[in-house]
Amino acid sequence: MNNLMIRIENVSKRYRIGAHQTRYKTFRDSFTDLLRTPFKRFHSENPQYIWALHDLSLEIYEGEVLGIIGRNGAGKTTLLKIISRITRPTKGKIEIYGKVGSLLEIGTGFHPELTGRENIYLYGAILGMKKREIQNRFDEIVDFSGIEKFIDTPMKFYSNGMFVRLAFTIAAYLDTDILLVDEVLSVGDAEFQKKSMNKMSSISKSGRTILFVSHNMTAVQQLCDSCILLDEGKLVSHSHDVGSVIKNYIYTEEEELHSIWYNENNKYDFYWFTPIRMSITDKNGSPISGYVKNDSEVWVEIELLLKIIDPAFTIGYAIFNEDGICLYWSYHTDTPQNTWPLLTKGRIILKSKIPQNFLNEGLYRIEMIASLHFREWLLEPGKNTPNIFLRIQGGLSESPLWIMKRPGVVAPIIQWEIKHV
Amino acid sequence: MNPNNKTVTISKPPSFINLLYFKELFEYKELIYFLAWRDIKVRYKQTAIGIAWVLLQPVLTIFIFSIIFGNFLKFPSNGVPYALFTLVGLLPWQLFSYSLTTSSVSLINDQNLVRKVYFPKIIIPISSVISGTIDFAITFGLLIIVLWYYKILPTERWFFIPLLFFMTIMSALGIGLWLSALSVQYRDVRYVLPFLNQIWMYATPVAYTIKVIPQKWLTLYSINPMVSVVQGFRWAILNIEIDLSTPFYISIFVIIILFISGLLYFQYLENYFADIL
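Sequence lines, in order, name chains A and B.
Per this note's numbering, the first sequence starts with residue 1, numbered consecutively.
Per this note's numbering, the second sequence starts with residue 1001, numbered consecutively.
What the hints contain is simulated information worked out from the structure, not anything from laboratory work.
The beta-carbon is built from N, C-alpha and C at its ideal position, and this holds for glycine as well.
Please note that a few of the clues may not be correct.
Stated by the list, open to error - Listed next, the in silico DSS-like pairs over lysine-lysine satisfying Cα-Cα at most 25 Å (straight line): (1) A:K99 <-> A:K205; (2) B:K1012 <-> A:K99; (3) B:K1029 <-> A:K130; (4) A:K405 <-> A:K293; (5) B:K1041 <-> A:K131; (6) B:K1012 <-> B:K1023; (7) A:K234 <-> A:K247; (8) A:K156 <-> B:K1045; (9) B:K1116 <-> A:K156; (10) A:K199 <-> A:K293; (11) A:K149 <-> A:K99; (12) B:K1012 <-> A:K91; (13) B:K1151 <-> A:K131; (14) B:K1029 <-> B:K1041; (15) A:K91 <-> B:K1116; (16) A:K405 <-> A:K419; (17) A:K131 <-> B:K1029; (18) B:K1116 <-> A:K99; (19) B:K1012 <-> A:K131; (20) A:K353 <-> A:K293; (21) B:K1023 <-> A:K234; (22) A:K267 <-> A:K293; (23) A:K156 <-> B:K1041; (24) B:K1041 <-> A:K130; (25) B:K1116 <-> A:K93; (26) A:K130 <-> A:K194.
As the list claims (entries may be wrong) - On the chain A side, residues computed to face chain B include the following (Cβ under 10 Å): (27) K93; (28) L104; (29) P287; (30) Y291.
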């Protein structure tokens, strides 16, 4: 058994929500209150509170890479904030064995008037590094972030990408026993994201303990060797089987695995269009629910009210498997332009067939996505877009040898040929 | 229990006094230096005359004071040229005023650091005060030139200047800790400060001598620690004979009370900064 690094014992954190103005009657009252309230305020039994964390207990061991997942507001960031001691628990206790470094909101503390070089020292000191440590790593940091040309330029002239790259790099080069990482791998361009993912995995291989908060299930699956799921401040599941926790998150969090979605109360409404319905149907357009065989014909139907015709408007769906991996995106504009469905204003239904004998057995989530191509997202995948579910079971292949779910993300049936020699 | 011989940190609900706080403050001492260095570096960025502002501020103030108080109102100045008399008073006063203002608003100005990074937050007001000592040093240089012009030479009384300097810093920081902790919840602090500065300056013998204060008010007047400091500077630099003994003890007492209470108030409220800022 490895050494214990963090022990969290019955930790709860309460936050005050909403405005907390008391009505002052006279100037004199307000003045005396001014001096008194900082104390009174924290002790009053005003009911305007929420529990961001509720009676959480957890032990984390050396070398563990723990993924922390859950919906927004589930308490993930609060947990990291308590472990990094930015804030204190309301109840309970945390013991930490070793030095903690945190990559929460990286780049906090950069000063725009200072040069890159100066900011490396400043930010390093803010994160708790000694001047000598920073000096030793200075060249590596500059090299990794790729800003050597601009190292003596004030940071206000940096592009956003350069800014986050430098911030991530300094934080990643912190020499700490425990590293807290909050959704920072989504910064920078694709190339830098890949680079930072690699950096994270090399850190984890070096035996350091990492707590990793992310909405990117692929990254969690790749990096972590254990995972916890938080819901409304409570620990829902904790396992070394990361995949099972992720499944738990994606599928039990949804109230029901509906195969049809309606735009209730016009929750989604855009200048260009209003989505009305998305559903899984058979070839005649009647809705399907429950299991679907992999060789049956399944269509995704999107009904919408098109208000403005914009040539850049494009709509479709993204399909995710149980591990949160996106299998593909499909848009109505994927084919040569002369074969696109001709959109007209008013109520229309767009439909598209899901490839037969292509998916594997399992549960799939289909998200409606829409954008003005290269201009802006209307419905961005992964950002609370309308979604429906499709469960594939059976009908994988007519081969007598192949009746069960196969390894692999997809399970296409591919013809083989033979050449006699 | 410490399974792997590493630093153990325990995070619990806040208690009123936390002695470990000061140990940790020591570990982060480099950050005090870095933040002060940042403040100094960026302070006069994007100004046309830059660091000259440090000299221009006292010079303009003396000019105004000389015209109004020295010329029109003919305030006494212990037989010393009025401008010099005021310059010696302004030297500690500007240090005090700058330190008080910057330390009080320092947490608001650095609120991102307060909310998103962990370190003993008292570092922020402390380092902001340190950045003001550069101004003090520059104004002191100006003073030395003026003294040389008036042929006033340093005496052994100059050895008291570090003590007086320290008293100025401590009283400003004492109030600054109170106000910065309050400012986290009450942004009113920012609007109160200019008035506080003005009132305090008139309650301090910067532009006038202490002789104008009636004897019976003198003890009350001396509660303001800056009275002793300004008087002390004149005593040390201009060789003016001033009876300092009683107000001096009162001042030191007041400063200690201010500083310790500010320190305790700050380090207790600090536990809530990230939650309410």
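Against the structure, the hints:
no.	hint	verdict
1	A:K99 <-> A:K205	holds (18 Å)
2	B:K1012 <-> A:K99	holds (17 Å)
3	B:K1029 <-> A:K130	holds (10 Å)
4	A:K405 <-> A:K293	holds (12 Å)
5	B:K1041 <-> A:K131	holds (18 Å)
6	B:K1012 <-> B:K1023	holds (17 Å)
7	A:K234 <-> A:K247	holds (17 Å)
8	A:K156 <-> B:K1045	holds (13 Å)
9	B:K1116 <-> A:K156	holds (21 Å)
10	A:K199 <-> A:K293	violated (42 Å)
11	A:K149 <-> A:K99	violated (33 Å)
12	B:K1012 <-> A:K91	holds (7 Å)
13	B:K1151 <-> A:K131	violated (45 Å)
14	B:K1029 <-> B:K1041	holds (19 Å)
15	A:K91 <-> B:K1116	holds (21 Å)
16	A:K405 <-> A:K419	violated (30 Å)
17	A:K131 <-> B:K1029	holds (11 Å)
18	B:K1116 <-> A:K99	holds (17 Å)
19	B:K1012 <-> A:K131	violated (30 Å)
20	A:K353 <-> A:K293	holds (14 Å)
21	B:K1023 <-> A:K234	violated (34 Å)
22	A:K267 <-> A:K293	violated (33 Å)
23	A:K156 <-> B:K1041	holds (15 Å)
24	B:K1041 <-> A:K130	holds (20 Å)
25	B:K1116 <-> A:K93	holds (21 Å)
26	A:K130 <-> A:K194	violated (29 Å)
27	K93	holds (5 Å)
28	L104	holds (6 Å)
29	P287	violated (48 Å)
30	Y291	violated (48 Å)
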